[in-house]
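Working from the sequences, and respecting the hints, build out all of it.
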Amino acid sequence: MNSVRALIVDDSSVMRKIVERSLNQAGIKLAKVFEAGNGAEALAVLQENKVDIVLCDINMPVMDGLEFIKQLASVENAKGVPVVMITTEGSESHVVQALSSGARGYIRKPFTLEQIRERVLPILAGQT
Amino acid sequence: MKTATESSVANDGHKDWIPLLDLATREVFQMMLGSQLKTSETTADIGLDITSMVGLAGQLCGMLSLRCTQKLAALMASKMLGTDPGTIGPEIADACGEICNMVAGNFKNKISGLNDGCMLSVPTVVTGSDYQMRSLSDYPALEVRLELEEMPIVVSLEIHS
Numbered sequence: 001m002n003s004v005r006a007l008i009v010d011d012s013s014v015m016r017k018i019v020e021r022s023l024n025q026a027g028i029k030l031a032k033v034f035e036a037g038n039g040a041e042a043l044a045v046l047q048e049n050k051v052d053i054v055l056c057d058i059n060m061p062v063m064d065g066l067e068f069i070k071q072l073a074s075v076e077n078a079k080g081v082p083v084v085m086i087t088t089e090g091s092e093s094h095v096v097q098a099l100s101s102g103a104r105g106y107i108r109k110p111f112t113l114e115q116i117r118e119r120v121l122p123i124l125a126g127q128t
Numbered sequence: 001m002k003t004a005t006e007s008s009v010a011n012d013g014h015k016d017w018i019p020l021l022d023l024a025t026r027e028v029f030q031m032m033l034g035s036q037l038k039t040s041e042t043t044a045d046i047g048l049d050i051t052s053m054v055g056l057a058g059q060l061c062g063m064l065s066l067r068c069t070q071k072l073a074a075l076m077a078s079k080m081l082g083t084d085p086g087t088i089g090p091e092i093a094d095a096c097g098e099i100c101n102m103v104a105g106n107f108k109n110k111i112s113g114l115n116d117g118c119m120l121s122v123p124t125v126v127t128g129s130d131y132q133m134r135s136l137s138d139y140p141a142l143e144v145r146l147e148l149e150e151m152p153i154v155v156s157l158e159i160h161s
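Protein chains in written order, with this note's numbering: chain A, 1 to 128; chain B, 1 to 161.
Because the hints were derived from the structure by calculation, they are not lab data.
Take these hints with a grain of salt, some might be off.
The calculated DSS-like cross-link candidates involving lysine-lysine, where the alpha carbons are at most 25 Å apart (straight line), are [to be verified]:
{"#": "1", "chain 1": "A", "residue 1": "K32", "chain 2": "B", "residue 2": "K79"}
{"#": "2", "chain 1": "B", "residue 1": "K38", "chain 2": "B", "residue 2": "K110"}
{"#": "3", "chain 1": "B", "residue 1": "K79", "chain 2": "A", "residue 2": "K29"}
{"#": "4", "chain 1": "B", "residue 1": "K79", "chain 2": "B", "residue 2": "K38"}
{"#": "5", "chain 1": "B", "residue 1": "K71", "chain 2": "B", "residue 2": "K110"}
{"#": "6", "chain 1": "A", "residue 1": "K50", "chain 2": "A", "residue 2": "K29"}
Just the calculated beta-carbon pair ranges, DEER-fashion [claimed, not checked]:
{"#": "7", "chain 1": "B", "residue 1": "R134", "chain 2": "A", "residue 2": "N77", "range": "33 to 41 Å"}
{"#": "8", "chain 1": "A", "residue 1": "A73", "chain 2": "B", "residue 2": "A44", "range": "49 to 57 Å"}
{"#": "9", "chain 1": "B", "residue 1": "P140", "chain 2": "A", "residue 2": "N49", "range": "50 to 58 Å"}
{"#": "10", "chain 1": "B", "residue 1": "R134", "chain 2": "A", "residue 2": "G102", "range": "25 to 33 Å"}
{"#": "11", "chain 1": "A", "residue 1": "Q47", "chain 2": "B", "residue 2": "P85", "range": "37 to 45 Å"}
Glycine included, C-beta positions come from ideal geometry on N, C-alpha and C.
Below, the structure written as structure tokens:
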């Protein structure tokens, strides 16, 4: 698998670091990691940069993860970029809403490295 | 597994949720910090000067709090970030809030029928111990006392309805 450019979206800087470290520990080579604290910041990052995958929280200020996915289609750079939700919100309605909005995967916090591998690696393998 | 409704009918102050609260907390520490929590024998609350809180609203209303010492909070943050505890600064509050948030989310995921009907607030973190908290709780708080490296962690769930 080629090195990956990832965008990690979470209002917690600690959680963004954990996700980055988990991707590394899961064996995913990261060429570049972009960070954003909410959906609006993430859209701004994607206006300027191409990424291979977005890992996104749901509950965030300014613009939450579900609204972010809806608006993602309007960003030329982001068309076809897979989004995996990583969130404490594990309700069925949230999962359905996220997946129907275009998310390719869903990981509940707390998560294991195995869950990262199972949900993220197949998506990247289909891409790279 | 009991549903939220079944537990309400039991009207026992949801004491049957204590093992789930205990498990939810242990899982978060195991998965996200790589740490095994032990059951704490102490009942003293001395020095617990970091309090993280997450509100629950909807089918279950209340507040989940996690209290620990500043030293343990720094250790928790360092374990989450994979850095030395001595280098940790403002990330402490962020880390404690996230842990509390994950415990609350993991707890409600364990109660059948509750997950879709219960929302979590963003976490709030209070520093210091010279305060009193008053909650409109309908039951005595459910409490779990654990420890990490012999430093106590107290997780409480106050239920309003």
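Could you work out which earlier hints the structure fails to respect and list their numbers in ascending sequence? Failing hints, ascending: 5, 7 and 10.
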